[in-house]
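S.K.: Here is what each chain is made of, one letter per residue.
There are 2 protein chains.
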Amino acid sequence: MAQRHLDPPTDPTAGPAPTGDALAGYLRAQATEFLRSLRQHRETGAVSGSEDSVDAARALRRSARRISGTLHTFRPLLDTDWSEAMRPELAWLSGTLAREHAYAARLERLLLALHRLSGSAAFPTPSAGPAPRAQTSPDRGNLTVGAAKAGALLDRQLTLARTRAHSAALQALGSSRFHAVADSVAVLASEVPLTPAAATADPRPFAAAADERLCDAVSALPLVTAGHPYNAEALIHGLSPDTAPHPQDAPWHQVRLLLRLHRYAREALYGEEDTALPERGRELGGARVDVRLRSAGQALNRHRDAAEAAAAASSAARTPRIAPATAYALGVLHADQRHEVEAARFAFQQSWQKEAVGTP
Amino acid sequence: MAQRHLDPPTDPTAGPAPTGDALAGYLRAQATEFLRSLRQHRETGAVSGSEDSVDAARALRRSARRISGTLHTFRPLLDTDWSEAMRPELAWLSGTLAREHAYAARLERLLLALHRLSGSAAFPTPSAGPAPRAQTSPDRGNLTVGAAKAGALLDRQLTLARTRAHSAALQALGSSRFHAVADSVAVLASEVPLTPAAATADPRPFAAAADERLCDAVSALPLVTAGHPYNAEALIHGLSPDTAPHPQDAPWHQVRLLLRLHRYAREALYGEEDTALPERGRELGGARVDVRLRSAGQALNRHRDAAEAAAAASSAARTPRIAPATAYALGVLHADQRHEVEAARFAFQQSWQKEAVGTP
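Respectively, the protein sequence lines represent chains A and B.
Under our numbering, the first sequence has 1528 at position 105, and the numbering climbs by one with no breaks.
Under our numbering, the second sequence has 1607 at position 184, and the numbering climbs by one with no breaks.
Here chain A stands alone, though its shape is the one from the complex (with noise of 0.2 Å):
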């Protein structure tokens, strides 16, 4: 059912195949892109949740990540000690950045099923299609006592997390360990540090290998139980005395982690995709390869906030001296987001399936 290659039929490239000096440019822009974020950042002040706080660190995650990413798929093109030293100090940096966020919208992502689990018509079920940001936390005025209390714990303990994560955050921003990151993406900016050989070498082997990595462990991924409607798989174990997180979710998550490392393989050298100008010199095949990527790395992304959700009201039904109907309401919550968890993976499996039906 997995394909073996991802590029060959859909590799957008019409002009010159891509060199070194491609890659080159692309750090050099998310290098860029990191420093400008980080100005902004810094001018927006450390605000915790202001809009412009919250756009410029997520901007800084974004390109963190990305270098990150291009470094460990390219990595013999570039300088070994170098690159080597640069990924974990990135990979710390986008890890504490991205927490404050995770913490929030994880209580958003809980709330909003607590009021669909109530039958309040106020918010939309998050099957219906991506649930709306909410501005504010949504009220719980029509919620039964046990969902209400849940929802008072969940809010408690994760907007604690949350204020413990910003403070972190702001703590790394600060540190000396920060500045030596910020220092070594500066370099990058203006030279990126490619072995003497790279600029006239070919990077699409490198690349190549990624979407392997990347079709091996979609291949090891259990998509024909996936592809069937409700299997009841997410569930299972989901009383069993080990905590969360699940072992059945690794894989999924790892998925994630690599079609991530795909796709921005494909920017450095086929160019950011542009959604608002699909036509800008791509493709027909390439853009719709992107567009199911684009689904299949949703849906995983989906996969994830569930699993991380269904995790904490596991987490919070533990509290001790809980009343028994906020038990409740929490088994209730868990159970309805490892189905969560369960969905994604079909959908998944239905976008990745498409793609390799569509490429033959």
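Bear in mind the hints are in silico, worked out from the structure with no lab data behind them.
All C-beta atoms in this analysis are idealised placements derived from N, C-alpha and C, irrespective of residue type, glycine included.
Be aware that one or more of the hints could be misleading.
To be verified - Simulated restraints on C-beta separations:
1. V1714(B) x K1777(A): 29 to 35 Å
2. Q1671(B) x R1744(A): 32 to 38 Å
3. T1623(A) x T1648(B): 55 to 61 Å
4. P1743(B) x G1597(A): 50 to 56 Å
Fit chain B to the given chain A structure using the hints.
M.R.: Same frame as chain A, but now just chain B:
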């Protein structure tokens, strides 16, 4: 999507058109079967759960349902006063006899689900196919504390309900009300009270009207939503303050009953289906439709069973002074069974659509 008529293209009648005599023969046969089962039930004694006694009670219910359904569908061909008086009595009887079995099956379903949710490999998942009838209650050795306590609570509550239902059934079988029913059935076994015109009348329009009622009810179901996997509809209101049963389930339960009436009407006119001998004088078309209707009916049985199991879990969670871990496990279990409800709707939609597509 739903077709308006089931019969015309799939009518398995290759011989002469059925008459009121066919109907009388069917009713006599069912009445005879009722009396035979009743004798068997008395002979096996009233030991709760003995295999023969369970089989006899099932056979009694089976013929009571068929007699009642046939009286309903073909009531203009039968003595009105007599059949109108008999139907509620048959419904009372089969309802009373069904309860004991239903509680036992519900407990078994819930304990199997708890095992599946605890990651126990010893028990199959319901979605992997029909669960084998467990000879004994599954042990709870490898459940978590919460799941084990939830299992023990459900065991206590449903076993008590089952015991009460058993006593009620025994009491019913000894009552003068029951003896009056048995007397009426004995009359039916020798002389079916047809109207004077019925012997030569065409009973098919009454069967067609039953089909139409079925198709009308199906077309009122939210089949488009149900056919979209993971629509998350069944768990909406999962935490609502209204107690079970869910109002959204009612139209599906209604279709289940109408599908049963449709099946009995076919049996009455064209002979009982015999899955052991599919070649016995049945056309391919008839056999194919039987398989589809059977799978649609099985989906709706599963829908009913899962809905009632979900309600039992949620009702157990309202037991005073239970531990939060117990309540949490019951919440997970409730949501799991509501997802079974959703899965059953999906399965029904798939069977029904196949039928509509298969018969042009």
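S.K.: Looking only at beta-carbon atoms, does the pair T1623(A), T1648(B) fall within the given range of 55 to 61 Å?
M.R.: holds, 58 Å
S.K.: Do the beta carbons of V1714(B) and K1777(A) sit within 29 to 35 Å of each other?
M.R.: 31 Å Cβ-Cβ, so the 29 to 35 Å window holds.
S.K.: So does P1743(B) sit 50 to 56 Å from G1597(A), Cβ to Cβ?
M.R.: The hint (50 to 56 Å, Cβ to Cβ) holds, given that P1743(B) and G1597(A) are roughly 53 Å apart.
S.K.: Cβ-Cβ distance between Q1671(B) and R1744(A): within 32 to 38 Å?
M.R.: About 35 Å separates the Cβ atoms of Q1671(B) and R1744(A), which means 32 to 38 Å holds.
Comparing the model with each numbered hint stated earlier shows that all of them hold.
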